[in-house]
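Undergrad: So the sequences go chain by chain: H and G. In this text, residue positions in the first sequence follow this note's numbering: the first is 2, and each later residue adds one. In this text, residue positions in the second sequence follow this note's numbering: the first is 2, and each later residue adds one.
Take these hints with a grain of salt, some might be off.
Because identical chains cannot be distinguished in the list, a pair is counted as satisfied if it fits within a single copy or across any two copies.
To be verified - Listed next, the in silico DMTMM-like pairs over lysine to aspartate or glutamate satisfying Cα-Cα at most 20 Å (straight line):
id, residue 1, residue 2
1, K98, E150
2, K97, D84
3, K98, E152
4, K319, E60
5, K291, E30
6, K23, E150
In case anyone wonders, no lab produced these hints; they're calculated from the structure.
2 protein chains.
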Amino acid sequence: MHTFEELQQGAIDAVDSRIYSKEPSILYEPIDYSLRQGGKRIRPLLTLIAAEMFGADMERAKPAAVAVEMLHNFTLLHDDIMDNSPLRRGKPTVFKKYGTNSAILSGDTMFAKAFTYLYECDKDKISELVEIMLQGSIEVCEGQAYDMEFETRDDVTIEQYLEMIRLKTGVLLSTALSLGAVVAGCGRDDLEKLKIFGQNIGIAFQIQDDIFDCWSDLEEFGKVTGTDIADNKKTFLYLKALEVAGEEQRKELLRLFSLRSFDRKEKEDSVKAIYESLEIRSYAKQLMNKHYETALKALEEIDVVKSRKDNLYLFAKKLITRNK
Amino acid sequence: MHTFEELQQGAIDAVDSRIYSKEPSILYEPIDYSLRQGGKRIRPLLTLIAAEMFGADMERAKPAAVAVEMLHNFTLLHDDIMDNSPLRRGKPTVFKKYGTNSAILSGDTMFAKAFTYLYECDKDKISELVEIMLQGSIEVCEGQAYDMEFETRDDVTIEQYLEMIRLKTGVLLSTALSLGAVVAGCGRDDLEKLKIFGQNIGIAFQIQDDIFDCWSDLEEFGKVTGTDIADNKKTFLYLKALEVAGEEQRKELLRLFSLRSFDRKEKEDSVKAIYESLEIRSYAKQLMNKHYETALKALEEIDVVKSRKDNLYLFAKKLITRNK
Chain H
2 MHTFEELQQG AIDAVDSRIY SKEPSILYEP IDYSLRQGGK RIRPLLTLIA
52 AEMFGADMER AKPAAVAVEM LHNFTLLHDD IMDNSPLRRG KPTVFKKYGT
102 NSAILSGDTM FAKAFTYLYE CDKDKISELV EIMLQGSIEV CEGQAYDMEF
152 ETRDDVTIEQ YLEMIRLKTG VLLSTALSLG AVVAGCGRDD LEKLKIFGQN
202 IGIAFQIQDD IFDCWSDLEE FGKVTGTDIA DNKKTFLYLK ALEVAGEEQR
252 KELLRLFSLR SFDRKEKEDS VKAIYESLEI RSYAKQLMNK HYETALKALE
302 EIDVVKSRKD NLYLFAKKLI TRNK
Chain G
2 MHTFEELQQG AIDAVDSRIY SKEPSILYEP IDYSLRQGGK RIRPLLTLIA
52 AEMFGADMER AKPAAVAVEM LHNFTLLHDD IMDNSPLRRG KPTVFKKYGT
102 NSAILSGDTM FAKAFTYLYE CDKDKISELV EIMLQGSIEV CEGQAYDMEF
152 ETRDDVTIEQ YLEMIRLKTG VLLSTALSLG AVVAGCGRDD LEKLKIFGQN
202 IGIAFQIQDD IFDCWSDLEE FGKVTGTDIA DNKKTFLYLK ALEVAGEEQR
252 KELLRLFSLR SFDRKEKEDS VKAIYESLEI RSYAKQLMNK HYETALKALE
302 EIDVVKSRKD NLYLFAKKLI TRNK
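Work out the full structure: start from the sequences and follow the hints.
TA: As structure tokens, this is what we get:
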């Protein structure tokens, strides 16, 4: 078994050692650009951790790790178009750099290409691995669709928001883990528990991201912050604030989130002032911890000796204590 | 074995009998809209024809037929965004009706969903079927990328153009045939010949489409015509005209295809006048026939009794004599 740091390096190497450039360059250069931006390689790391947890050496799971990272980057390419995001990891997004058409088409190619890496895994596992990644992809799209739909709705509940982020963020973490586990021949019951772990860790991760979007600064976070407020996103912060606010603050919040033209900084400050007076950050951290605990409980129940779970416990802990 | 008409009906039924609507509707309504527009169902028909040619009843190949039609429609959704096409089969395109973001995301979902239908086929065939469709998808994207790249290049050769349409159009027909053949357990040699048939029929089909785009009218063709000229597309018509034109006409053609603002009708008439004086339509028909003959030769060589090939011969003949 490898240490956490070795697995981290393994995930980075697995992705970095591949060649992504070929002809036509109009198609493959954006793919190469996207995958060479670094990033935390969280998903391929999860694939490797899960594989070793169930007894396979990380080398066997590296193709699946590359698959899930490319799938993740495909979603970023298309999401950035839809969200009109200028920056990603502190650099111009693919659609800003290469144009919308390239970002659509290169994303499509990454989507297909991601699955082809799974064909380097054991022959008798391919069909199951592909199926897991297809199901994950569909659910991620559903999550993104709910996210879009919520923009024009004013009756979104906290429950619906959590289901949306489960699909949009949790499912891909759970997919990454499942791929590694299946490579290692993990049984059905443990696979289910691993999914619960992945999805809840994903929800916790997203709530934390919402907090960072509101309270970090660009330099530290590597992304433009305050975008959720500028885009009138119904995050947990907003929905919880609506729930606990008094009549006056509630009205003010609804007004701020219905503005079509505004001074960005001014709006951000007003919304944050309301959040702070209502201690919304504390509610968010509580909810994040709840999902974190659910994840840990599922991990505890997995039928594998405790020492084999250490890396996943460590992953969860690092995730929850990250500062960007 | 079924008659051609029964297989045609089978392809239509296979696609029409499925349910595409579900929640979130923002995601699935465009998918349903896209697949309910009818269309010629050429690709699923090819899947069924190939399956029966190699001895499987069409029922066994219907899931693969649905898969390839959904994959095809996914490419249409994204191509229509990239080409900014307002109409498809005489109706508003998905991105015009539902917006670009919906068309991107619904397309992505169709891409993933298409592959899931293959899981209804025989278990031991799934991995090969998925691989064929993945490879086909990547090549179709490459074809679209070359198409985009050619827009800004003025040194495209006829050979490069033919490779582009092989990828963009031929490969998906060949994929459709391969899926049906693999469902029926066809051998490797025959599969290769079937691919040659499919790709060459596809090239012939695309050259014909280029002719229609230039010389049909909207009502008959169901699409806005003259778009290739308006978009400065380097079709075979244009490339051949450049090759055979005298100095003056060549200059005029280059000038017309470098205009950024123009009266659409006027430009179309000028280009068509040049094409007609150079008998470009006749060159195009010759080239179309050449690829048609290559396709027929490959079909002839497939190791199956002649009577089993009748439907595919009929398909080829109908395709080449279509008027829209």
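Undergrad: All the hints need checking, so say for each whether the structure fits it.
TA: Structure-based check of each hint:
1. In this homomeric assembly, K98 and E150 come within 20 Å of each other (Cα to Cα) only across copies, at 16 Å, whereas the closest approach inside a single copy is 27 Å.
2. In this assembly of identical chains, K97 and D84 lie within 20 Å of each other by CA distance both inside one copy and across copies; the values are 12 Å within and 19 Å between.
3. Taking identical chains as interchangeable, the C-alpha atoms of K98 and E152 lie at most 20 Å apart only when they sit on different chains, with a minimum of 19 Å there against 26 Å within one chain.
4. In this assembly of identical chains, the alpha carbons of K319 and E60 never lie at most 20 Å apart, being 23 Å within a copy and 52 Å across copies at closest.
5. For the identical chains of this complex, K291 and E30 are neighbours neither inside a copy (42 Å) nor across copies (35 Å), given an alpha-carbon limit of 20 Å.
6. Taking identical chains as interchangeable, the C-alpha atoms of K23 and E150 lie at most 20 Å apart only when they sit on different chains, with a minimum of 14 Å there against 37 Å within one chain.
When held up to the earlier numbered hints, the structure conflicts with 4, 5 and fits the remainder.
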